[in-house]
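Using the UniProt record's numbering, you'd call the opening residue of the sequence shown number 1 and step up by one each time.
I should point out that these hints are in silico values taken from the structure, not numbers from a laboratory.
Treat the hints loosely; a few may be bogus.
Claimed, not checked - Pairwise CB distance ranges (calculated):
#1 D66 x E122: 27 to 33 Å
#2 N160 x P111: 42 to 48 Å
#3 D103 x D279: 30 to 36 Å
#4 G284 x D156: 16 to 22 Å
#5 K159 x G263: 20 to 26 Å
#6 E83 x T204: 33 to 39 Å
#7 Q130 x K159: 18 to 24 Å
#8 G216 x N81: 34 to 40 Å
#9 T204 x G284: 18 to 24 Å
#10 G263 x P224: 34 to 40 Å
#11 W101 x R56: 19 to 25 Å
Given the structure is predicted, the values throughout are model-derived calculations rather than measurements.
The beta-carbon is built from N, C-alpha and C at its ideal position, and this holds for glycine as well.
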Amino acid sequence: MQQFTRRTMLSAAATLAAARTLGAQDPGPRVATLDWALLETLLAIGANVVAATELRQFRQVAVKPDVPDSVADLGLRGTPNFEVLRFARPDLILNSNFYAWADPLMSRIAPVESHSIYKPGESPYILAEQATLAIGERLQLPSANRMVEELAARLDRYKNLLAGGDGRPVLPINLGDARHYRVFGSDSMFGEVLRRVGLANAWTGATSYSAMAPMGIETLASMPEAWIVLIPPHPEDAFATLTESAFWKALPAVRENRVLTVGSINPYGALPAASRFADFLAEGFSRARNG
Numbered sequence: 001m002q003q004f005t006r007r008t009m010l011s012a013a014a015t016l017a018a019a020r021t022l023g024a025q026d027p028g029p030r031v032a033t034l035d036w037a038l039l040e041t042l043l044a045i046g047a048n049v050v051a052a053t054e055l056r057q058f059r060q061v062a063v064k065p066d067v068p069d070s071v072a073d074l075g076l077r078g079t080p081n082f083e084v085l086r087f088a089r090p091d092l093i094l095n096s097n098f099y100a101w102a103d104p105l106m107s108r109i110a111p112v113e114s115h116s117i118y119k120p121g122e123s124p125y126i127l128a129e130q131a132t133l134a135i136g137e138r139l140q141l142p143s144a145n146r147m148v149e150e151l152a153a154r155l156d157r158y159k160n161l162l163a164g165g166d167g168r169p170v171l172p173i174n175l176g177d178a179r180h181y182r183v184f185g186s187d188s189m190f191g192e193v194l195r196r197v198g199l200a201n202a203w204t205g206a207t208s209y210s211a212m213a214p215m216g217i218e219t220l221a222s223m224p225e226a227w228i229v230l231i232p233p234h235p236e237d238a239f240a241t242l243t244e245s246a247f248w249k250a251l252p253a254v255r256e257n258r259v260l261t262v263g264s265i266n267p268y269g270a271l272p273a274a275s276r277f278a279d280f281l282a283e284g285f286s287r288a289r290n291g
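Kindly produce the complete structure, drawing on both the sequences and the hints.
Here is the structure:
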């Protein structure tokens, strides 16, 4: 009887140890999303993402965070493939106001929770912080808190770093073609980052959901004092045609080497996009100052 009890205890201990090992390797709830801002947030905090939309384009536009090959591509954000979503077997679907029309359809597959980062009249940075913390709490991922705190501290460091600059405003734009561009206002994520690192946005006009487009390229001449920050993606032929034009070469910002071309960033991203833009700004202005 004693031998049986001991064997049972050893077996139970082994089972418990195995369960703990499996628990440590548990990737957490299976999560899907249609929204790119939520996708980059989920990836950045280490969530178990099983399905998302337009992954090939996301990899080209957002670039970071990396998307694991295991994530199923649901197709276009406007017309996602709900059969693929069903086969991905999500435990939770995160959505935003941009795709709220899909909530009733997706709720048949898994519970749907909404986190919106872009709302008229509200700060996308603050909404992104709130969404990140709420998602982190929902998925029990402490990395969400760390990301919020680390980015806030880094923006403060960049503010001190950039305080010694020339004080000129910054114009963040994205080319549509060689004759038009989209400009990002103070209510965009890029505009929020500029403010938080102590830089003024040269665009003070109206916006529509954080940006204004199309703007004629000739309007760049009305902001001669600004630094121009070119934010891809933009058509390569448009960039080549514009930068070879006499108009472009005559702009004060171009003549005085006040043009920064950064890496591609999701223009309607969340904290990962804000982080990427801030890093590019700090690197670009540091290079310009020391060059």
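Hint by hint, here is what the structure shows:
Taken as a hint, the range 27 to 33 Å holds for the pair D66 and E122, whose Cβ atoms sit roughly 30 Å apart. The hinted window of 42 to 48 Å between N160 and P111 holds, with their beta carbons roughly 44 Å apart. Range check, D103 to D279: Cβ separation about 34 Å, and the 30 to 36 Å hint holds. G284 and D156 have their C-beta atoms about 19 Å apart, which keeps the hinted 16 to 22 Å range intact.
Evaluation of the 20 to 26 Å hint for K159 and G263 yields a pass: the beta carbon distance comes to about 21 Å. Taking the beta carbon of each, E83 and T204 are about 47 Å apart, not inside 33 to 39 Å as hinted. Take Q130 and K159: their Cβ atoms lie about 22 Å apart, and the range 18 to 24 Å holds. Between G216 and N81 the Cβ separation comes to about 39 Å, which falls inside the hinted range of 34 to 40 Å.
For T204 and G284, the Cβ-Cβ distance of about 22 Å falls inside the hinted range of 18 to 24 Å, so the restraint holds. Taking the beta carbon of each, G263 and P224 are about 26 Å apart, not inside 34 to 40 Å as hinted. The supplied range of 19 to 25 Å is met by W101 and R56, whose beta-carbon atoms lie about 24 Å from each other.
Violation of the numbered hints given earlier is confined to hints 6, 10; the remaining hints are satisfied by the structure.
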